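Enquirer: Take the sequences, apply the hints, and build the full model.
Residue 0 is where the sequence shown starts when you use numbering that gives the first Met the number 0, and the numbers rise one by one after that.
Don't read these hints as lab results, they were simulated from the structure. Some clues are possibly wrong.
[Unchecked claim] Pairs of lysine-lysine, DSBU-like flavour, derived with a Cα cap of 30 Å:
#, residue 1, residue 2
1, Lys31, Lys17
2, Lys2, Lys31
3, Lys52, Lys2
4, Lys43, Lys10
5, Lys52, Lys17
6, Lys43, Lys31
7, Lys17, Lys43
8, Lys52, Lys31
9, Lys10, Lys52
10, Lys2, Lys43
11, Lys52, Lys14
12, Lys11, Lys52
13, Lys31, Lys14
14, Lys31, Lys10
15, Lys14, Lys2
16, Lys11, Lys31
17, Lys14, Lys43
[Claimed, not checked] Computed spacing ranges between beta-carbons, pair by pair:
#, residue 1, residue 2, range
18, Thr32, Pro54, 33 to 39 Å
19, Lys52, Lys17, 18 to 24 Å
20, Pro54, Tyr6, 28 to 34 Å
21, Pro54, Arg4, 28 to 34 Å
22, Pro1, Lys52, 14 to 20 Å
23, Pro53, Met0, 17 to 23 Å
Bear in mind the structure is a predicted one, so any value in this text is a computation, not a measurement. Every residue gets a Cβ at the ideal spot worked out from N, C-alpha and C, and that includes glycine.
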Amino acid sequence: MPKVRIYELAKKLNKHSKEILDELARIGIEGKTHTSGIEEDIAKRIEDAFSPKPP
0 MPKVRIYELA KKLNKHSKEI LDELARIGIE GKTHTSGIEE DIAKRIEDAF SPKPP
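Expert: Right, here's the structure in full:
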């Protein structure tokens, strides 16, 4: 499965890498740096977490 770099995901979401790392830690994924790669399914979970929720 392809991996997504954390800094690339942060750029796509217009967030700081630290915010992505904090969210990863919140869902139980630790030990990553901004240059680490994460699986696409994890990246999708992060995108969903930062997406605006409908009212």
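Enquirer: The structure should be examined with respect to each hint, and the outcome stated for every one.
Expert: Verification of the supplied hints:
About 10 Å separates the Cα atoms of Lys31 and Lys17, which keeps this hinted pair within 30 Å; it holds. Distance hint between Lys2 and Lys31 is fulfilled; the C-alpha atoms sit about 13 Å from each other, no more than 30 Å. Restraint check for Lys52 and Lys2: satisfied, since their Cα atoms lie roughly 26 Å apart, inside the 30 Å limit. A threshold of 30 Å between alpha carbons decides the hint, and for Lys43 with Lys10 the separation of about 14 Å falls inside it, so the pair holds.
Note on Lys52 and Lys17: the hinted pairing holds, with a Cα-Cα distance of about 22 Å set against a maximum of 30 Å. In summary, the hint linking Lys43 to Lys31 is supported, as the alpha carbons are separated by about 17 Å, within the 30 Å threshold. With a CA separation close to 17 Å, the supplied pair Lys17 and Lys43 stays within the 30 Å bound. Between Lys52 and Lys31, the direct Cα distance comes to roughly 27 Å. Compliance with the 30 Å bound is thereby established for this hinted pair.
With a C-alpha separation of about 20 Å, the suggested pairing of Lys10 with Lys52 holds against the 30 Å cut-off. Our distance criterion of 30 Å between C-alpha atoms is met by Lys2 and Lys43, whose separation comes to about 11 Å. A C-alpha spacing of about 17 Å is found between Lys52 and Lys14, which places the hinted pair at or below 30 Å, so the restraint holds. Restraint check: the Cα-Cα separation between Lys11 and Lys52 comes to about 18 Å, which is no more than 30 Å; the hinted pair holds.
For the given pair, Lys31 sits about 16 Å from Lys14 by alpha-carbon distance, which is consistent with the 30 Å threshold. In summary, the hint linking Lys31 to Lys10 is supported, as the alpha carbons are separated by about 17 Å, within the 30 Å threshold. Our distance criterion of 30 Å between C-alpha atoms is met by Lys14 and Lys2, whose separation comes to about 19 Å. Distance restraint check for Lys11 and Lys31: the Cα-Cα separation of roughly 18 Å lies within the 30 Å cut-off, and the hinted pair is therefore satisfied.
At roughly 15 Å between alpha-carbon atoms, Lys14 and Lys43 fall within 30 Å of each other, so this suggested pair holds. About 36 Å separates the C-beta atoms of Thr32 and Pro54, a value consistent with the hinted range of 33 to 39 Å. Under the hint 18 to 24 Å, the C-beta atoms of Lys52 and Lys17, about 22 Å apart, fit the expected range. Look at Pro54 against Tyr6: about 32 Å separates their beta carbons, and that is inside 28 to 34 Å.
One distance hint, 28 to 34 Å for the beta-carbon pair Pro54 and Arg4, holds here, with the actual separation near 33 Å. Remark: the range hint 14 to 20 Å for Pro1 to Lys52 is contradicted by a beta-carbon distance near 27 Å. For Pro53 paired with Met0, a C-beta distance near 29 Å fails the hint of 17 to 23 Å.
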